[in-house]
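> Here is what each chain is made of, one letter per residue.
There are 2 protein chains.
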Amino acid sequence: MSGLKIFVDLVSQPSRAVALLLEVNNIPYNKVVVNLGKGEHLSHSELKAVNPNTKVPALQEGKFCLYESGAILRYICSSRQLPDHWYPKDLERRALVDQYLDWHHSTIRIGCAHWFFAQHIARQPPTHHVIVDSKATLLKAFSILNDYTLQDNKFLTGEMISIADIQAICELTQHWMVGRNVYSGYPNIEKWVAACIKELQPQFDQVHGIIYKIKSRGLFGTDTNPEPLKSKL
Amino acid sequence: MSGLKIFVDLVSQPSRAVALLLEVNNIPYNKVVVNLGKGEHLSHSELKAVNPNTKVPALQEGKFCLYESGAILRYICSSRQLPDHWYPKDLERRALVDQYLDWHHSTIRIGCAHWFFAQHIARQPPTHHVIVDSKATLLKAFSILNDYTLQDNKFLTGEMISIADIQAICELTQHWMVGRNVYSGYPNIEKWVAACIKELQPQFDQVHGIIYKIKSRGLFGTDTNPEPLKSKL
Numbered sequence: 001m002s003g004l005k006i007f008v009d010l011v012s013q014p015s016r017a018v019a020l021l022l023e024v025n026n027i028p029y030n031k032v033v034v035n036l037g038k039g040e041h042l043s044h045s046e047l048k049a050v051n052p053n054t055k056v057p058a059l060q061e062g063k064f065c066l067y068e069s070g071a072i073l074r075y076i077c078s079s080r081q082l083p084d085h086w087y088p089k090d091l092e093r094r095a096l097v098d099q100y101l102d103w104h105h106s107t108i109r110i111g112c113a114h115w116f117f118a119q120h121i122a123r124q125p126p127t128h129h130v131i132v133d134s135k136a137t138l139l140k141a142f143s144i145l146n147d148y149t150l151q152d153n154k155f156l157t158g159e160m161i162s163i164a165d166i167q168a169i170c171e172l173t174q175h176w177m178v179g180r181n182v183y184s185g186y187p188n189i190e191k192w193v194a195a196c197i198k199e200l201q202p203q204f205d206q207v208h209g210i211i212y213k214i215k216s217r218g219l220f221g222t223d224t225n226p227e228p229l230k231s232k233l
Numbered sequence: 001m002s003g004l005k006i007f008v009d010l011v012s013q014p015s016r017a018v019a020l021l022l023e024v025n026n027i028p029y030n031k032v033v034v035n036l037g038k039g040e041h042l043s044h045s046e047l048k049a050v051n052p053n054t055k056v057p058a059l060q061e062g063k064f065c066l067y068e069s070g071a072i073l074r075y076i077c078s079s080r081q082l083p084d085h086w087y088p089k090d091l092e093r094r095a096l097v098d099q100y101l102d103w104h105h106s107t108i109r110i111g112c113a114h115w116f117f118a119q120h121i122a123r124q125p126p127t128h129h130v131i132v133d134s135k136a137t138l139l140k141a142f143s144i145l146n147d148y149t150l151q152d153n154k155f156l157t158g159e160m161i162s163i164a165d166i167q168a169i170c171e172l173t174q175h176w177m178v179g180r181n182v183y184s185g186y187p188n189i190e191k192w193v194a195a196c197i198k199e200l201q202p203q204f205d206q207v208h209g210i211i212y213k214i215k216s217r218g219l220f221g222t223d224t225n226p227e228p229l230k231s232k233l
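Going line by line, the protein sequences match chains A and B.
Anchor point for the first sequence: position 13 equals 13 in UniProt numbering, and the numbering is continuous, going up by one each time.
Anchor point for the second sequence: position 141 equals 141 in UniProt numbering, and the numbering is continuous, going up by one each time.
This is chain A alone, in the form it adopts within the complex:
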């Protein structure tokens, strides 16, 4: 049994990112599934001891506890000495991975997650302003990704995949649950998504199994009008 314990629910975008890095690199770990849909995180005493925010993913290794997916991804790369491209030792290349991981929070993460939650999960209005704000955030963010970040790069920080790509792709795939490609109409982003999926198979499909299942069963409904984001505003 591995001494590395990871609390996840693969319906959670950052949980998928951490699981995907571990799976792609064949790192053994003890997976503790916390079912968010059933509200298990709210009363999970073991999770709360590791992460007082009671969110997944969270990591425990011996007495060491860690939360926040970006920090966990970095820690896994460094503590397991993963191939350099995941989180380069070169200061400038590493800084570009850090730059994306920081930028992600206020752009792709907040845009995709708040929109999805407001439209498909939240039971109480008002949610309209959240959806409007989220789409505006994503429009700006996708322009940066499409026109600058990915203009000359195969991946977000260069020619090799890194934890920045894993963090980003696992957020965008959330909307697949309702049949929506939020990045539709942005050619460089679409090309990059395809490159990520190719690079991360077969583990990508394994980690996204729950997403495919939710979509096929229509558990969160289906976007009946999946026009490009640009044309919706």
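Any given hint could be a false lead.
What the hints assert, rightly or not - In silico DMTMM-like links for lysine to aspartate or glutamate, alpha-carbon gap of 25 Å or less:
1) A/K48 / B/D147
2) B/K140 / A/E46
3) B/K48 / A/D133
4) B/K48 / A/E92
Hints are computed from structural coordinates only; laboratory data are not their basis.
Only a predicted model underlies this, so the values are computations on that prediction, with no experimental measurement involved.
Please arrange chain B on chain A, whose structure you already have, making use of the hints.
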């Protein structure tokens, strides 16, 4: 002249964080002031070439360009080999600094910055929901900081100050401009704020000069009812 160029406006919280780390460590740099109040960032071609998001802070060193304050803080520590406590080499201690820097975005940053912008800068309604959401976010975040993160620690990740503390304190001080201590009523946070200020003087006051000036002139108004956040909801 230093080869390190930093684009800042000290009215911007993350700009102050980067400037403070540089000043406290006596690192020479070429400061390019971008006046956000005058909208200079919107048409600043030099800034846009460094950061297509046209936000400050941004860093340029030779051909290398970097944005996002968290990434810049890490890069400065590593490239200047600053004293270890700022961004420890030990993997677990470093991971805890990364954990805070990631957590910061969706908690202290979004809570403080969106609230301040909506209440004191935005010219167009509706802003009420933003203020309500921001206060709710801060209430949760302050409980975590006060009751867990700072319960047994002098600073956010232990007994020594790090870039996590600099990032956090520079966000909280934004509300000083209107005479509001957002963390009022949280004893462990109040103690930590005092410890940070003591540790970072005299550079703390230098970097915050513009904040003190704005407050004394009442440029953004004054909070006439600065009750603790807890009692306002």
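> Look at each hint and say if it fits the structure.
Verification of the hints:
1. Among the hinted pairs, A/K48 with B/D147 is consistent with the structure: their alpha-carbon atoms are about 13 Å apart, no more than 25 Å.
2. Distance restraint check for B/K140 and A/E46: the Cα-Cα separation of roughly 20 Å lies within the 25 Å cut-off, and the hinted pair is therefore satisfied.
3. Pair hint B/K48 plus A/D133 holds up; C-alpha atoms about 24 Å apart against a cutoff of 25 Å.
4. For the suggested pair B/K48 and A/E92, the alpha carbons sit about 19 Å apart, so the restraint of at most 25 Å is met.
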